[in-house]
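> As a plain string of letters, each chain reads:
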Amino acid sequence: MKYYAEIINEKGTVAVDDTILVKDTVSSAGSHILEGYKPLFSAEAVERLQQKGFDIKGKTHVGEFSLDLVGEFSYYNEYDENESLKGAAAQLVKSGDVKYALGVDMNGSTRRAAALSGVNFLKPTYGTVSRYGIISCAASGEQLGVYANDADSISEIMSVIAGNDKKDGTSLLDTSYTYDTDLDLKGAKVGIVKELLDKACDSVKSEILAYTLSLKAKGVIVEEVSLDFFDTVNTAWQILMCAETCNNVSRYDGVKYGHRSENYRNIDELYVNSRSEGFNFLTKTTILYGSDVLSKTRYADCYDKALRIRRVVAEKMAELFESYDALITPVCSKNEYKAYDIKDAFTKVYEESVFTAIANLIGIPALASSNVQLLGKHFSESTLLSLSKMGERKGE
Amino acid sequence: MAYELVIGLETHVELNTESKIFCSCGGHSSPKEPNDCVCPACSGMPGMLPVMNKRVVELAATAGLMLNCEINRYTTFDKKNYYYPDLPCAYQITQLNHPICVNGLVKVKTAQGERDIRIKQIHMEEDAGKLVHGGNSSFVDFNRTSVPLIEIVTQPDFRSPEEVVTYLGKLKSMFKSTGISECEEGAMRCDVNISVREEGTEEFGVRTEIKNMASFEAIDRAIRYEAQRHMDALEFGTEELVQETRRFDDVTGKTSAMRNKETEADYRYFPDPNLMPIVIDDEWLEEIKKNKPVALDEKAEQYMAAGISDKEIAQLLSEHSAAKLLDDVVALGCNAKDAAAWILTDCAGILRKAGLKLKDLSITAEGLSYLIKMVQSGKLNRGGAKKTLIAVIEDGADPIRYCEENGLTVKVDDSMIEAVIDKAISANPQAVQDYKSGKEKALMAIFGACMKELKGKGDPQSIRATLLSKLKD
Ligand SMILES: [Zn+2]
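Sequence lines, in order, name chains A and B.
Residue numbers for the first sequence follow the numbering used here, beginning at 897 and rising by one.
Residue numbers for the second sequence follow the numbering used here, beginning at 18 and rising by one.
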């Protein structure tokens, strides 16, 4: 596999996923349909980092529109048959090639990449980081976040990129946020979600248990908590995600920019052929599901129901977070994935998203720290980062 | 058999804003060339997000208030999906579930009498671009994408084409006179829903919809044709009526069914997650109400009371900028009737000679009121004022500076005015007595005597002030 889609500045310390726009640099979200697309402006997060003197090293490969597990289905990149799937940006951070990387968490691929590479990825609270300049798919739940090897580095980048942006109507009004990594959490209460832990393989389980032991040693109360709604949560998010993605990628039609089929006689053929050639099988599947759940006959049973589930789950979780400072879950069921056929991708991603979907559905922050996922209420990033730091082994 | 027409209207009106509805592109009302007023957002490039233009909300709510609507305090946007090359995102942002205005009412008066037309709702939406066909190719022009529109939907309350045309004329002059819309050619487009039933029955007949007509004349003809077609079908069984969408051909004067493909689309509406619901709180609504321009009827009455002629009123109501100039000049202390003549006779004459229209009049209210007052007080003669106006209109001169630099103003002798005032006081002892004993009205007799003697020279306000101070002594 290759890591960089394009190197911008060898001296840079930040890698940027190809779903995030950098002015005048080809940004294609891993898709043939956006081949050669050079944006006229940079994402707000990129802009803010550059203003603070952080240089962008380059654009990293992502799976087409970040719909896959960890970036295995890019039009511009390939995994060897026996290679482990790890994600380009996460690997660059792991190897020390860059200190930080930016990614868009839309359906968990960034968090899974962090888990499989053994680094951290923070998906912040929805609305805290501007979505201006990201190649948007699922607008109601996607959020730009940070990969790094430790909690302090994430905090460093977050304090630069978070805060209101007038160019994004979903951006919250606070102009800045603080990201503490050293909160005193003695006596804090953390719940391990039993149903999700049961879905993980033994090695993931034991890594999580080892982490909870280190928390207990530092005075954190850890107990098991039973929550039976994660499958419903996942289904609801997959419905919203497919629908919004279907809608957002419908602008890639071969008319204005990106790939246009050479084979057409009229506008309908231009649409159909450009899009048939330009999207991969996983994107097409997502589009079909998305169209279906929005259609007149299915809207009430699918899309509208998913919106109602979102509200109910948000209330339930808010209640739960009155008793717990954070929840612990796996990030994915296994700690290694091998290359596989794209026809199985939709199902595989669906299965793995049971761990990640809740953060996208209700906008809460989620921190993947190797195989451990920490979930907290809105704006609880400092708690999550501090908890994560308590598990960091010094001198490693 | 006697039949009754039942008609409902959906009218799209372009709002008169400086920038588009979800981006900051401006100049879209008079673009110089295709794709002149276009940015990454309104041309559908990835990474851009819609940002609500508050002015659109205010204008839409104002239109609603004028049509006696309730303003929904919670209003949301939805995405309507369809593919067409003039729609860069392949969806249109519109309002489905929570439109900004509901339940309005407009009275429409025709020769047959007055009828209440209920407004079902008004919603905000963005316009699409346009396709230009040439040779073997088609080109897209996005100048119009994201231009703000309101769609005004009535209940099926019209009973004749006359009522429809009267209603549309009323909307047009109402919006144009208040600056809500320029209502230029094509800026008002209509979909007409029409059915025919036997007079006296309650049940509606089969309904057809005629899409996208821009001229009142076409709408009138289309309704007449379509009504006749329905009646022939009912009376003579010429054809079986089906519920369908039709288009009107301006050349043949006939309507024809549109292909199913264009009408049976499932638009897959859903709430737009990029636009937060808009909450119009009490404070904002009060502000909108406060800034609401005076509606046409009220405005006409106001002008009539000021002695402005019917012809002038019609001119003012059809040109918002002229009406606004007049209102501003009046607010600066000028007489409305005089000011109207200055604008609609003097200025309009100069404009006409220069090949310009009333809306091109560029003089400021301050400049015009200065000229009017100078002439009134005899410090400037009419010829000088006209010369100044020509310089203002043709060369963009500043009226005050122009008068001064060209020595047009006449100095009025203050001591002469004082002498006139003294004379008026001593000639009206009874009035002076009455005024001093508290009869405020008596002042007018003395003041009138001064003005008569001065034959309009001098500034009335300063004359009045001098008179008052002399009476105090
Ligand atoms: Zn624009």
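Don't read these hints as lab results, they were simulated from the structure.
Just so we're clear, the structure is a prediction, and the values are computed from it rather than from any experiment.
Any given hint could turn out to be false.
What the hints assert, rightly or not - Some, not all, of what chain A presents toward chain B, calculated at C-beta under 7 Å:
#1 L917
#2 K919
#3 G932
#4 S1036
#5 N1143
#6 V1151
#7 G1154
#8 Y1167
#9 V1168
#10 S1172
#11 L1184
#12 L1190
#13 S1191
#14 R1194
Stated by the list, open to error - Far from chain A, by Cβ distances over 12 Å, these chain B residues were calculated:
#15 A58
#16 M65
#17 K96
#18 D103
#19 S155
#20 A235
#21 P290
#22 M321
#23 G395
#24 N398
#25 D415
#26 Y419
#27 Q478
Said to hold, decoys possible - Only some residues are given here: those of chain B computed to face chain A with a beta carbon under 10 Å:
#28 G44
#29 P48
#30 P51
#31 S60
#32 P63
#33 V68
#34 F233
#35 V259
#36 T262
#37 D283
#38 F287
#39 Y452
Glycine is no exception: its CB is placed at the ideal position from the N, C-alpha and C atoms.
> Measuring Cβ to Cβ, find out whether B:M65 lies farther than 12 Å from everything in chain A.
At about 7 Å from chain A, B:M65 fails to clear the 12 Å cut-off, so the statement is violated.
> Taking 12 Å as the cut and beta carbons as the points, is B:S155 off the interface with chain A?
Label violated. Min Cβ-Cβ 8 Å, cutoff 12 Å.
> Hold the hint about A:L917 up to the distance rule: shortest CB distance to chain B must be less than 7 Å.
Nearest chain B Cβ about 5 Å off; hint holds.
> Taking 12 Å as the cut and beta carbons as the points, is B:Y419 off the interface with chain A?
Nearest chain A Cβ is 43 Å from B:Y419, so the label holds.
> Given B:F287 as an interface hint, is the shortest Cβ-Cβ distance to chain A below 10 Å?
For B:F287, the interface hint holds, since the closest Cβ of chain A sits about 6 Å away, which is under 10 Å.
> Do the numbers back the hint for B:P63, that is, is its least Cβ distance to chain A under 10 Å?
For B:P63, the interface hint holds, since the closest Cβ of chain A sits about 4 Å away, which is under 10 Å.
> Minimum Cβ separation between B:M321 and chain A greater than 12 Å?
It holds; B:M321 is separated from chain A by about 46 Å at its closest Cβ, greater than 12 Å.
> Would the stated hint for A:V1168 survive a check requiring a Cβ distance to chain B of less than 7 Å?
10 Å, violated
> Close enough to count: is the Cβ of B:G44 nearer than 10 Å to one in chain A?
For B:G44, the interface hint is violated, since the closest Cβ of chain A sits about 19 Å away, which is over 10 Å.
> Taking C-beta pairs only, is B:P290 more than 12 Å away from all of chain A?
Given a closest Cβ separation of 4 Å, the condition is violated.
> Take the shortest C-beta to C-beta distance between B:S60 and chain A; is it under 10 Å?
With a minimum Cβ separation of about 7 Å from chain A (threshold 10 Å), the hint on B:S60 holds.
> Let's test the interface hint: is any C-beta of chain B closer than 7 Å to that of A:S1191?
5 Å, holds
Violated hints for the displayed structure, listed by number in ascending order: 2, 3, 7, 9, 10, 11, 14, 15, 16, 17, 18, 19, 21, 28, 29, 30, 34, 35, 36, 39.
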